[in-house]
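Colleague: Read off the chains here:
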Amino acid sequence: MSTYVYGFVHDDGSLDEMELSGVGEDAPPVRFVRAHGIAAAVSDAPQGLRAKRRDLAAHQEVLQRLARNHGVLPMRFGAVSEDDDTVAAELGRFADHYSTLLDRLEDRVEFNVKASHVEEAALRTVLGEDEGLRSRNEALRKAGGGTPAERMAFGEQVAQALEELKQRDSGAVVEPLAEHAERTAQGPLVDGCLANVSFLVHRDRAEEFLGEAERLRREFDAYMEVRVNGPLPPYSFVTSPQ
Amino acid sequence: MTVMQQTGGGGGSGDLYEILDLILDKGLVIDVFARVSLVGIELLTVDVRIVVASVDTYLRFAEACNRLDLAASGGAGLPDLLDSGMEKGSRSKSKGALTGAAEAISESFSKGRDEDRDEEKQPAHARRRTSSKRKEEKE
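Read top to bottom, the protein sequences are chains A and B.
The opening position of the first sequence corresponds to residue 1 in our numbering, with each subsequent residue numbered one higher.
The opening position of the second sequence corresponds to residue 1 in our numbering, with each subsequent residue numbered one higher.
What the hints contain is simulated information worked out from the structure, not anything from laboratory work.
C-beta atoms are modelled at their ideal positions from N, C-alpha and C, and glycine is treated no differently.
Each hint should be verified, as a subset may be incorrect.
To be verified - Among the chain A residues that face chain B by a calculated CB cut under 8 angstroms, a handful are:
1) Phe32
2) Arg53
3) Leu56
4) Ser81
5) Arg141
6) Met152
7) Leu232
Let the hints inform the model, and build the full structure from the sequences given.
Modeller: Written as structure tokens, this is what we have:
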């Protein structure tokens with residue numbers, strides 16, 4: 001039976017009382033494989049596991065609950081080990097690395113911030129700033145929209161201007177928040193976001209961080225949408241050994 | 001048009017869509033462990049670029065610009081939108097092409113691997129709609 005791996009924590013007495021349930025249709029119990037003072041949260045891997053909403057949620061929930069009271073090194077979704085012994089061997093082989101990383105992330109949480117423009121406001125801005133775009137827009141409007149080719153060429157220029165605006169505005173969100181964080185990490189490009197950035201924040205400063213996020217949210221209201229998710233396990237701040 | 005989400009309590013799946021990129025693209029990867037096949041999901045980030053760069057999107061932008069009544073909200077004096085504390089006229093919460101791209105992806109996300117289970121049929125964009133309704137009520 002192969003073993004699904006959620007993440008690593010420092011081994012302590014409270015882990016077995018948590019009663020977590022894992023990925024798979026029958027939500028198997030989460031147990032712990034221990035070696036060298038580190039515990040890996042694992043469960044029996046279901047047959048034919050795929051990235052379904054239910055299982056993604058279970059993975060996240062296990063890590064979220066662990067992170068409440070422990071420093072945790074979250075695995076990327078979908079890690080399956082041949083068996084428990086292989087997990088224990090991995091913990092043994094890189095015990096120093098994992099232990100150091102756990103110490104470093106102790107009492108830290110991740111906040112992920114995604115910001116995107118409100119489309120109409122962003123369009124107004126790029127048209128307002130670019131005389132050329134504005135007059136082409138006016139010309140097309142007078143021509144009843146213009147030919148499909150003209151519309152497309154114009155739309156492409158607008159898309160380009162919106163891209164530039166995104167890059168310009170991302171600092172306005174990221175920089176003030178970084179003041180309240182220990183580290184930042186770029187997230188993947190998704191959702192047409194102008195910023196997708198994660199922040200590593202000490203628990204003691206979480207409230208302060210959220211306060212700043214709320215201030216930005218108000219400041220940019222109607223111009224951009226700022227979405228904050230967290231506190232999360234530090235997905236973006238873990239590094240593999242080697 | 002803003003949301004503050006606190007993922008904390010139950011870690012409920014309400015926030016799942018927002019942090020998919022972290023669960024799927026971040027986190028520890030250990031080479032002695034195999035990784036579940038993510039057919040359909042690894043295209044997530046690629047899809048964004050395809051959608052954004054599509055002909056449809058260009059046409060949408062062009063039409064959206066044509067529809068904008070620049071005069072109605074102060075004409076050309078807009079470069080200082082950011083400084084002036086945002087234009088209040090833009091209460092239209094209609095979904096634009098940017099959000100549209102995100103929805104297309106969330107749909108492909110739910111189509112990608114939920115074909116065999118009803119509980120997972122709830123498309124992400126339905127949830128987003130609910131949440132934007134909530135936002136509007138708040139205003």
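Colleague: Are the hints correct? Go through all of them and say.
Modeller: Hint check:
A hinted interface residue such as Phe32/A counts as satisfied when its beta carbon comes closer than 8 angstroms to some beta carbon of chain B; here the least separation is about 16 angstroms, so the hint is violated. Interface hint at Arg53/A: satisfied, since its Cβ lies 5 angstroms from the closest Cβ of chain B, which is below the 8 angstroms cut-off. Hint status for Leu56/A: holds, given a least beta-carbon distance of 6 angstroms to chain B, under 8 angstroms. With 8 angstroms as the threshold, the beta carbon of Ser81/A comes within range of chain B, its nearest partner Cβ sitting at about 5 angstroms, so the hint holds.
Look at Arg141/A: its Cβ gets to within about 5 angstroms of chain B, closer than 8 angstroms, so that hint holds up. With a cut of 8 angstroms, the hint placing Met152/A at the interface with chain B holds, because the nearest CB-to-CB distance is about 5 angstroms. A cut of 8 angstroms between beta carbons decides the hint on Leu232/A: the least distance to chain B is about 6 angstroms, and the hint holds.
This entry does not satisfy hint 1, going by the numbered hints stated previously; all others are met.
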